[in-house]
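Based on the provided sequences and hints, a complete structural model is requested.
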Amino acid sequence: MAINQEFIGRTYPPTEVYSVGREKIREFANALGERASCYFDVESARALGYPDLVAPPTFAITFTMQAAGQVIHDPELGLDYTRVVHGEQRFVQQRPIFAGDEITSTVSVDSIRSAAGNDMITVKAQVHATDGELVSTVYTLLVSRGVGEAS
Amino acid sequence: MSLISISQVHVGLELPAQEFVFTRADLIRYAGASGDFNIIHWNERVAKEVGLPTVIAHGMLTMGTAIRVVTDWLGDPGKVIEYSARFTRPIPVPDTDEGSTIKVSAKITELLENNQAVISVSAIHNEVTVLAKTTATVQLAP
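Note that the protein sequences, when read in sequence, are chains G and A. Residues 1 to 151 in the working numbering are what the first sequence lists, from first letter to last. Residues 1 to 142 in the working numbering are what the second sequence lists, from first letter to last.
Just so you know, these hints were derived from the structure itself, not from any lab. Any given hint might turn out to be false.
Sample of chain G residues facing chain A (criterion: CB under 7 Å; computed from the structure) [said to hold, decoys possible]: (1) 31; (2) 32; (3) 57; (4) 88; (5) 92; (6) 96.
Ideal placement from N, C-alpha and C gives every residue a C-beta, glycine not left out.
Shown next, in the form of structure tokens:
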């Protein structure tokens, strides 16, 4: 089933505020096997010039993937989630994410295209601090494998 | 430590390569930390039912781990201003103590204005590329 091309450019309402916590940063860094002290020790992060613990470069995925669920599970889009795989991922950071940040994600459909029987949709999440500052833009390409295509 | 200066690097410079091991425990830890509880990352029965050899690592675990080659070298992860990857092959993680190993290497491919450098990252498991078109843009000191 082809996905609905009319969704290109569609923007969804911003998510609820996500509070970035020190323990979540530590937990995420630990799950990546990280040892860099700026993820764990506030003084080390401040020594680098940051206000608090720094989040790893891929940390935003912990809330943007959930935000992208608004698109993925939108029944009007016609995406068969059971056939979806994560194809590509891109993070563009205006600044790092820090412990203490209060942020929202606004997701939109950046592109939809088809190739080799697969549908590909890029979901863009703009991550803003609650004062309106753009913190990062996160692009997630999902591939819906065509029926009959060998995986 | 002070940030690496653009004058200390050149196109072709290779960053210190590293090997990383993923075990089942690592997949479960990442699932909990990231909130990605997709069943193919922890349930062998279901993974096999959908045609996988066994459970596979989260692509984002691989991507998040691979950038350590860049950030460990750089000394300041906050200076990664762009990071992108394409997930080309899954990494099966068998139920063994040894787990699965990825070899990550990186080299500078381009120097930009404003003291920025583009780094190409390669991640290999069992001689197969698991991340393609993987690049990080970093901010260096003048």
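Do the hints match the structure? See the list:
{"no.": "1", "hint": "31", "result": "4 Å, holds"}
{"no.": "2", "hint": "32", "result": "5 Å, holds"}
{"no.": "3", "hint": "57", "result": "4 Å, holds"}
{"no.": "4", "hint": "88", "result": "5 Å, holds"}
{"no.": "5", "hint": "92", "result": "5 Å, holds"}
{"no.": "6", "hint": "96", "result": "4 Å, holds"}
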